[in-house]
Structures are given as C-alpha cells and as structure tokens.
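Assembling the complex is the task here: the two chains are given apart, and the hints tell you how they should meet.
So you can see what is in the structure, the chains are spelled out below.
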Amino acid sequence: MQVWDFVLYIVSYFGLFTSVFFLLTLFENRKNMKDPARPKELPKVTIMVPACNEEDCLAKTLNSLLELDYPKDRLQIMVIDDGSKDNTLNIARSFEKKGIYVLTKPNGGKGTALNLGLKHATGELVGCLDADSIVEPDALLKMIGYFKRKTVMAVTPSLKCTEPRTIWQRIQVVEFLLGVYLRKVFSYLGSINVTPGPFTIFRKEFFDTHGGYDTTTCTEDIEIALRIQSKGYEIENCHDANVYAVPMPTFMTTKKQRVRWYKGFIENTQKYKEMMFSKKYGNLGLFVFPSAYLSIMIAMVMTTYSLYVLGKNNINRFQNFYNVNFDLSKMISFKWDLFYIDQSPIMFIGLVALIIGIIMVYIAKKISNEKQSLAYSYILFMLFYLPLYAYWWASAIKAKATASDVGWAGRKRQAEEIKYS
Amino acid sequence: MNERRKIDYMRYLTVFAITTLIFIAGIVIGNYFSTQKLEQVDYIGQDLKRDTMAMELQYELIAENPCGHINSTPLADELYDMASKLDYMENQLGEEDRDVIELKEYYSLLELRHWLFMQKTNKECNQNSSLIMFFYTNEYDCKKCKEQGFILTWIRKNYANVYVYSFDYAMKNTAMETVKKLFMVKGTPAVIIDKETYNRFMTKDELEQILQNNSLEKIETADKQSIKNAPI
Numbered sequence: 001m002q003v004w005d006f007v008l009y010i011v012s013y014f015g016l017f018t019s020v021f022f023l024l025t026l027f028e029n030r031k032n033m034k035d036p037a038r039p040k041e042l043p044k045v046t047i048m049v050p051a052c053n054e055e056d057c058l059a060k061t062l063n064s065l066l067e068l069d070y071p072k073d074r075l076q077i078m079v080i081d082d083g084s085k086d087n088t089l090n091i092a093r094s095f096e097k098k099g100i101y102v103l104t105k106p107n108g109g110k111g112t113a114l115n116l117g118l119k120h121a122t123g124e125l126v127g128c129l130d131a132d133s134i135v136e137p138d139a140l141l142k143m144i145g146y147f148k149r150k151t152v153m154a155v156t157p158s159l160k161c162t163e164p165r166t167i168w169q170r171i172q173v174v175e176f177l178l179g180v181y182l183r184k185v186f187s188y189l190g191s192i193n194v195t196p197g198p199f200t201i202f203r204k205e206f207f208d209t210h211g212g213y214d215t216t217t218c219t220e221d222i223e224i225a226l227r228i229q230s231k232g233y234e235i236e237n238c239h240d241a242n243v244y245a246v247p248m249p250t251f252m253t254t255k256k257q258r259v260r261w262y263k264g265f266i267e268n269t270q271k272y273k274e275m276m277f278s279k280k281y282g283n284l285g286l287f288v289f290p291s292a293y294l295s296i297m298i299a300m301v302m303t304t305y306s307l308y309v310l311g312k313n314n315i316n317r318f319q320n321f322y323n324v325n326f327d328l329s330k331m332i333s334f335k336w337d338l339f340y341i342d343q344s345p346i347m348f349i350g351l352v353a354l355i356i357g358i359i360m361v362y363i364a365k366k367i368s369n370e371k372q373s374l375a376y377s378y379i380l381f382m383l384f385y386l387p388l389y390a391y392w393w394a395s396a397i398k399a400k401a402t403a404s405d406v407g408w409a410g411r412k413r414q415a416e417e418i419k420y421s
Numbered sequence: 001m002n003e004r005r006k007i008d009y010m011r012y013l014t015v016f017a018i019t020t021l022i023f024i025a026g027i028v029i030g031n032y033f034s035t036q037k038l039e040q041v042d043y044i045g046q047d048l049k050r051d052t053m054a055m056e057l058q059y060e061l062i063a064e065n066p067c068g069h070i071n072s073t074p075l076a077d078e079l080y081d082m083a084s085k086l087d088y089m090e091n092q093l094g095e096e097d098r099d100v101i102e103l104k105e106y107y108s109l110l111e112l113r114h115w116l117f118m119q120k121t122n123k124e125c126n127q128n129s130s131l132i133m134f135f136y137t138n139e140y141d142c143k144k145c146k147e148q149g150f151i152l153t154w155i156r157k158n159y160a161n162v163y164v165y166s167f168d169y170a171m172k173n174t175a176m177e178t179v180k181k182l183f184m185v186k187g188t189p190a191v192i193i194d195k196e197t198y199n200r201f202m203t204k205d206e207l208e209q210i211l212q213n214n215s216l217e218k219i220e221t222a223d224k225q226s227i228k229n230a231p232i
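Those sequence lines, one after another, are chains R and F. My numbering numbers the first residue of the first sequence as 1 and each following residue consecutively. My numbering numbers the first residue of the second sequence as 1 and each following residue consecutively.
One chain only, chain F, in its complex shape (with noise of 0.2 Å):
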C-alpha cells in the first residue's frame, strides 16, 4: 500500500477539534447578537412605555387646550419599529422562543395603552384617526393571517391617520382577553375597525370602503388634523 493512503487518525482528530472550536464559537458569538438585539426590541419597549407615560402624564397636565399639543404620531412610528423587529426576531428565534414571547406579551400591552390613548384623543379632541386592531395566528390553518396582516399595512402606509394594532390571538393575559370579549373577537383573522368587528378576511377594497365612508368626517375635521400633527 502507497504510504499516502494510510490514515493520519491524528489529522482527523485535529480536524475534528477545529471544526469543532469554530462551531462553538459560531454557536457563542450568533447568541451574543441574538441577546443584543432583544434587549435592543426590550429598550425600545421601555422608551415606548416611559414616551407612552410622558404623553399621558401631558395630556393629564396641560388643563387648557391639551389637544393642540399632542403628537402621537412619533410613537406610532415607534411601535411599529418595534413590531418589525420583534416580527424579525420571531423569525429568527421560532414562535416558541420565551424571550420573543415575553417581549410580545409587552409589545401587545403597550399597543392597548396607545389604542386606549388615541380612543381618548379621538372623542376628546375630535380627532378623525381611524383605529383598527387586527387579531392574528402564526399557525399553519390561519393561511389569511399573513395576507391580511399585508393589506392592513398598505392600508396604514397609504392613509395618514390609520393606526393598525396587531395581536396574537394566543396570547393569554387578562387585558388581550377583557378585549376579545368585549368585542366579540371569535377567531382569526379578525379586524376591528373603530369598535366594529369583522371575523373574517377582509380585502383591501372592503377596509378602503370604510375608511372612504369615515374620511367624510375627515374632511370636515381636515384643519385639526393638521394642528394634531403640529410637533410639541
């Protein structure tokens, strides 16, 4: 037999022990950027909560004409950042990760906060934003959530004064399930369009006619809106 052909077990070892090494520190430093980025998602939680407490605590303080001084907008922008990005990392970590989870559990708790702050702001400052909360699952029989879940944020991108709630209709905790009582929430998709439930897909055309039908409105109050989205 040629001497080339013998096996270098040492070689193979060795082998084995690099590979090894460069899979562990794959393993070690990917973990590392995953952590940081949650507690980038778990910070932009906490500004939310700590802007969402200032807005509130402004609204509460400014006794005369707090409606001329109020932006909400910014903070929408941000919950939206925030949903992307947990949106992200459930991809990247699995629906079943308890970081995700927990964080979302959060994420939806701030939206209902908002939600609550702009119903107020709504019938307070007659403002003419339309709010629509949307009920979702990522499991594999719900085919319309995701399709839904686009339509919704075209439908916000191409009106300025729609704000889009997502939820998981999984999600157990007492607030999100006070909701899906209260508005007779009974499966997904399920779109609330300013307390009217619709349990079933709904398209693009369907929402557009609604918000067409409330824009009436909007034009009437089409002054005040611009003051609403005067910075403070």
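Looking at chain R on its own, in the form it has when it is part of the complex (with noise of 0.2 Å):
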C-alpha cells in the first residue's frame, strides 16, 4: 500500500465518522424536532435591517418584514442605514409611514449599524435581517417557543437560497441546505458556531450584560456565537423558519464572501482559543472544532494531491498526443466492460459517504420544507465543491497572513470593542 493509499484511508475514515455521528445525532433526537409551543404572551421583537447601498433589494426586504405573522404592537422593524451613497435612505424613509422606524449614521460598517440599532431597540428579543434578504411570514412566529428555556440567547433560522440562476449559485444552493442540517446537529451537540446575519434572534440581555457586535471583526455572526457559547449559554435552532438569502452569482463574488467568512472563522477561533479540546465545551470543544480545522486541512491536502495528479497525467496525456501527431482516430473506442469499473475497497467506503450526503441533502430538504428540485445542483456540488472550498480557504489562509481588507466589513477598525450601553 503506497503512502498516498494509506492517507487516503485515514481521510476516509475521518469524513465517513463525523458523517455518522451527525446522522446518529439527528436520529437520537428525531422526536425532539417539533417547535416549543409558543407563549401565552408574545415578547416584543425589534429586528434591525442594517443598509449600506441596496436600493435595489431594500423593498423586498421591508415588505417581507410587515408581513410576519406577529403581532404589529409587539414588533418594532428599524431600518439602520450605513452612509449609503445611493438611494436607501430613500427608500427607507418611504417605508416610514407604515411603521418602519430609520436611522442613519456615516459609513462604518454592519457591526457598527447594528450597535446603534440596539440603542434605540425596544424589544425584548433583537434581530437582525440582512438587506437582501427575506423572510418566510410564520418564521419568527415558529421561533418564539425556544425562547422559553432561559439559558437560550439565540435561536438561529435555517438560512436557504433564492431560486439560483448560474452554477455558482447551485453549488450554494447545496451547500446552504447542508448548512440547515448541520444547524440543527449542531444545536444538539450544544455547538451552534455561527449565529447567521438574515433573521437569527437574540434575547437583548445578553446585549445588554455582555456587550454590543464586535466592530473590530469581519464576522459578527460568528463572533457573537462563540461569545454566546463562551459565556455557557445556548443557541438553539429553529429548522423551519425560513430565510432565503440571495446566493453571490459569479465566481469572484462568491470568492470575496467566502474568504471573508473563512478569515472572520480564523480570527474568531483565534479569539476564543480556549474553547479549542476544551472538555468544558463539549462536543463543541472536543469534537465540532476539531473537526472543523481538520476537514479544512483534508481539503487543502486533497485538492493538492488531485491537481497535482491531474497536471501530471494531463501533461503525460499531452505529450503522448504530441507524440503521434494528435492523430488519435483510431486510438478512441467504447468497449463497455464492467472490469474497469472501479470495485476497490475506497471505492465502496466512497459510496456509502455519496449515499450519506445525499440523506444529508434530502433530511435538510424535508425539515426545511424545501421545494427546490436538487439533483442537477447537486451534481455539481459533488464534481466542484470540495476544489472551491479548498480553494476559498487558502485564499482566507492568505488575506489573514498579509492581514488583507477582505470586504465592506474588513477595513481596519479600532481595536477596543466599542461596547453597548
């Protein structure tokens, strides 16, 4: 068995443990997954939908917002408009009438709109939409319940794409979905990591003893979920109140979220090292972050390995075609013959992950009540996903190396955390 062979068992075993660890997670609480009963007496929610030039999806956002099932004296919707140079606060304003309060300040970033909007919040619970954004009318009504339990701080939605229209947005469309289910794995194990910017709701104590969004991040979402998980608290998810979010549509625009996202992950669990094999953290300490910067390191080594492979065959194959001229008429022929079919052991351990994935794929379909037909997205999620991946990362790995501005979110703040009060 070559060296390669032997890593590539290893790798196997790992991707196909954490694969039947989550599944067995979900399964063991597959009779929890009914949403707590809402209360008798519905909190006030303030959600805040920070806005820095997005006139062209502002509307949608807002009108989504006014039809949530919830009752209207119980709801304060507050747009917080970030210096936007186009026509958003316009827009906003015109949304005044109906009952959406704005507020506006000079540009300085998402964190920095949503510590103001948390001054002039009223709710007992706060949220936060993202401006292009939308959200499903019963989704905050479904929500409410898992406030009951007073060690809940957070409960996140289960964030999806809009109807996707290039193959990048297919590749999301997947990966989003997966997202879903593993929230919802995650919220057994006690490790949510990541508290999504579109429509997760926070209780405002929280705010109000530990601080406002860290400013000084590119992720507050993350940020703000290991804070949650640091100070012993939990985050709970609620895997059918949707969100859609609309999914970047090229290559470089899903490159510059990724690698934003992927920078904030490092420089948060960078923040919040302790929680690192820590047993006081649980599965989340022990096992989800491990895993996590495990199955980075699996990509970045496999991607490798595979170009390298690849180039090498891909030269070998070019100077064979060089050699006779390319003149290979009669050097291609279609002999089916079910010998060269591949029946080797990582084959057959391969297949069953493929079968994992796609269960994974289809629970996070059904308790999402998605409707999307998934089969083509999927297809290229199988062929493309782990390459991008591997990819986005080393670029993430990068901008932090050469401490790079990675986005609206990244230019260089203050250090201290500008803290709420």
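One or more hints might be untrue.
As the list claims (entries may be wrong) - Part of the chain F face toward chain R, derived, beta carbon under 10 Å:
| id | residue |
| --- | --- |
| 1 | GLN40 |
| 2 | VAL41 |
| 3 | LYS204 |
Unchecked claim - Derived BS3-like pairs: lysine-lysine, alpha-carbon spacing no greater than 27 Å straight-line:
| id | chain 1 | residue 1 | chain 2 | residue 2 |
| --- | --- | --- | --- | --- |
| 4 | F | LYS146 | R | LYS335 |
| 5 | R | LYS150 | R | LYS330 |
| 6 | R | LYS330 | F | LYS146 |
| 7 | F | LYS195 | F | LYS146 |
| 8 | R | LYS335 | F | LYS49 |
| 9 | R | LYS256 | R | LYS60 |
Hints listed in this document are in silico derivations from the structure and should not be mistaken for laboratory results. Note that the structure is a prediction, hence the values are computed from the model and not measured. Idealized CB from N, CA, C, for every residue including glycine.
Next up, the structure:
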C-alpha cells in the first residue's frame, strides 16, 4: 500500500466517522424536532435591517418583514442606513408611514450599524435581517417558543438560497441546505458556532450584559455565537423558520464572500482559542471545532494532491498525443466492460459517504420544507465543491497572513471593542 | 454548563463501531471484487493458453495447406485484452502485488509463445506481419517507457499487420533472460522489430519508416493476407 493510499484511508475514515456521528445525533433527537409551543404572551421583538447601498433589494426585504405573522404592536422594524451613497435612505424613509423606524449614520460597517440599532431597540428580543434577504411570514412565530428556556440566548433560522440562476448559485443552494442540516445537528450538540446575519433572534439582555456587536471582526455573526457559547449559554435552531438570501452569482463574488467568512472564522476561533480541545465546552471544544479544522486541512491536502495528479496525467497525456501528431482517430474506443469499473475498497467506502451525503441533503430539504429540485445542483456540488472549498480557504489563510481587507466589513477599525450601553 | 454540551461517550463509541463496521465491510467487498478480477484475468490466461495450444496443434495436424487455415488475429486480440486488464489491475493493486506479478509472468510466457508461433507462420506461410517486442520498466527512471507504449499502441491500431508484445524488463525468468541475451536488450525502453534491436526510444515516424519499408513486401503478399485473415 502506497503512502497516499494510507492517507486516503485515514481521511475516508475520519469523513465517514463525522458523517455517521452527525446522522446518529439527528436520529437520536428525531422525536424532539417539533418546535416548542409559543408563549401565551408574545414578547416584543425588534428586527434591525442594516443597509449600505441596498436600493435594489431593500423594499423587498422590508415588505417581507411587514408581512410577518406577528402582532404589530409587539414588533419594531428598524432600518439603519450605514452612510449609503445611493437611494437606500429614501427608500427606507418611504416605509416610515408603515411604521418602520429609520436611523442613519456615517458609514462604519455592519457591526456599528447594528450597535446603533441596539441603542434604539425596544424589544426583549432583537434580530437582524440583511437587506438582501427575505423572511417567510411564519418564521418569527415559530422561533419564539425556543426562548422559553432561559438559557437560550439566540435562535437561528434555516438560511436557504433563493432560486439559483448560475452554476455558482446552484452549488451554494446545496451548501446552504447542508448548513441547515448541520445547524440542526449542532444545536443538539450545543455547538452552533455561527448565528447567521439573516434573522437570528437574540435575547437583548445578552447584549445589555455582555456588550454589543464586535466591530473589529469581519464576521460579527461568528463572534457573537462564540461569545454566547463562551458564556455558557445555549443557541437553538428553528429548522422550519425559513429565511432566503440571494446566493453570490459569480465565481469572484462567491470567493470574496467566502474569504471574508473564513477569515472571520480563523480570527474568531483565535479569539476564543480556549474553547479548542476544552472539555468545558463539550462537543464544541472536543469534536466540532477540531473536526472543522481537520476537514479544512484534509480538503486542502486532497485538492492539492488531486490537482498534482491531474496536472501530471494531463501533461503525460498531452506528450503522448503530441508524439502521434494528435492523430487519435483509431485510439478512441468505447467498449463497455464491467471489469474496468473501480470496485476497490475505497470506492465502496466513498459510495457509502455519497449515500450519506444524499441522505443529509434529503433531510435538510425535508425539515426545511424546501421545494426546489436539487439533482442537478447536487451533481455540481459533488463535482466542484471540494476544490472550491480548498481554494477559498487557501485565499482566506493568505488574506489573514497578509492582513488584507476582505470587504465592506473588513476595513481596519479601532482595536477596542465598542460596547453597547 | 448547558445539558447539550455534555459529551455522550456512548454515542462516540457507537459511531466508532458503525464506522469501523462500514470500513471493514468496504475493505472486504472491495478485496472480494479485486480477487474476482484477478481470477478473471487468470481465466483469460487459461483460455489463451488453451487456444494457443489448439492453434499450434491445428497447424501441425493439417498437413496440407496449413497456412490457409490459420488465423491468429482473435488470439492477438485476447492477448491485448489480457494485457489491458493486467495493466488496470497493476494500477489498482500496485506493481508489488504478488498476484499481479505472477499473472504478468504468465502473460509474458504466453506472449513469447504467440510470438514464436507468429514467427513460424510468417516464415512458413510467407506472411508479412511485423512482430514488435517492447521492453519497459515501471520504474520512475523510465519516463519514456509510457510514451513508447502509447506510440506502439498507436502503431498497432493503425497498421493491420503489426503485433506488439510488451515485456517488463524487470521480469525474471529463464525464457525472458534468453530473449534479452539473444537480442542484446540493454535497458529500457527497447524495441525489437522483426529481430532488429533498438535500445532507445523510437518516435512514431521512425517506426512508421521501418514499417513502410516492410510494407513494400506486404503489398506483394496482399492477396495472401486476405486468405490469412479468413476465419478458420
């Protein structure tokens, strides 16, 4: 057995172990999947919409919030214009007559906008909705029941993609659905480490006690989740509260977004490094965090090796074709023979992993009532996600190493954490 | 600490057991199919041996005009099929796999036997087939071996009367050693075309030139060729 074969078996074992672990966790909790009943008296909720140059989508987002199935006197909707240079502020103002509260400030990033919103928020619960996302009318009502337990500080929704148009969006549709599945599993493991920007609802007292959004990070949604975990509180997931975001349409925009996310993940896991391998943080410290880093390493090693083999084979192939002056008319034959189908042990293990992958997407689709057909998207995902994932991570590590600006929220700010008061 | 954070060691153990079980099942099933495939290659080898013997006997038995009844093309196709499958198994199981090495040795002997028979029919039946022996090694230092192999496959597929016999230079058996000594094969890649040895990489053009020189004779024997290819 060659060294590479040995590595491949180790990697496969780890991948299979993780997949089975998550699947078993969900299976064990299958009877607890029903959303808790909502309280008789609904708490007041503030939804903040930070917006910077969002004139194209803001109205749609606000309309979806106005259609929320929630008593209007218990709901405060707020737009925080973060120094937009387009028509965003005017659009927001046009919604004031419908009861939407509008704030404006000089541009400073999403975290600063949310912190301003927190100062004006009147709800016991507060949430954020990105200005390019829309929410289903029953989402908020479904999430409220989870706050009955006093230790729950945040409830995440099912974040999904709108109808995809490009192949990049199709890949993201499956990625987001796997996120739906994983977030549910992580909630049972007490290990949710991201509270997505679109429509995660928080208990406001957490901000009152532990400060507002960290404006020094490029992913405040990871920071706040880890802060909640570090204080020993719970983050729940409401799998059938659907929120839709528009997936990035091109290779470059997707890369830019992922580099920001992943750089933020590195920064925040460094910030909360005491969680890594710590028994105090349970599954999150002992399994979820280490396996996240391990899977990143595996993806990068496997992709590098695959590209090396692919490159080498193609160079050899080109040399062979060149040697016969590219006259390949008699070299191509399509003779079907079962013998040449790979039936090696690693293929069978891979087949099991593929089936588990399909089951995961199926479960995610089912629990979040997703109606889109996913066959084509799943094939694209299986073909391209691993190398893309490795490439995004390599770019994020480079961005971190070179302290590069990674987008609108990544600009360098004052180092001190702005405290909400 | 919240309840969900508690580590359920039993769950980890269960997952370990399930994963190990799937893993072992995968290895057992995969190995079963690999064994089946090796057996299949072995069967092809047995068939080939039987067919070669049958053809040799047929040749001896038909005293009158034996050449008119001999068609070795299907046998050559079987040889190529076995070679292709052996090559695939070698890639799957590795060059060091004992079963693969044994089958390769067996295959080399079958090739030699076919080569000898073709020499005989070439001479006695006045056929004009070009018989090419090719020596290669799988070792990293013979980068040109794979290229040479591809060029020879191209030649075989583009010239109807060409038979290519590939031998692993590292193969140790008395018959192979004799061939190497007889034709003064000194390293790899090495190509022997109709008993002429070229201890170097040969381009497609060089090979074609040699074959085209031979093909003048082939044109003269074109009618006999069509007789040769007639089914037995």
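How the hints compare with the structure:
1. GLN40: The hint holds - F:GLN40 has a Cβ within 10 Å of chain R, the shortest such distance being about 6 Å.
2. VAL41: holds (9 Å)
3. LYS204: holds (5 Å)
4. F:LYS146 / R:LYS335: holds (22 Å)
5. R:LYS150 / R:LYS330: Distance ~74 Å between R:LYS150 and R:LYS330 Cα, so the pair is violated.
6. R:LYS330 / F:LYS146: Judged against 27 Å, a Cα distance of about 18 Å means the pair holds.
7. F:LYS195 / F:LYS146: Since the Cα atoms of F:LYS195 and F:LYS146 sit roughly 22 Å apart, the hinted pair holds (cutoff 27 Å).
8. R:LYS335 / F:LYS49: Holds: R:LYS335 and F:LYS49 sit about 24 Å apart, inside 27 Å.
9. R:LYS256 / R:LYS60: Distance of about 24 Å is within 27 Å: holds.
Going down the numbered hints, you'll see the structure goes against just number 5.
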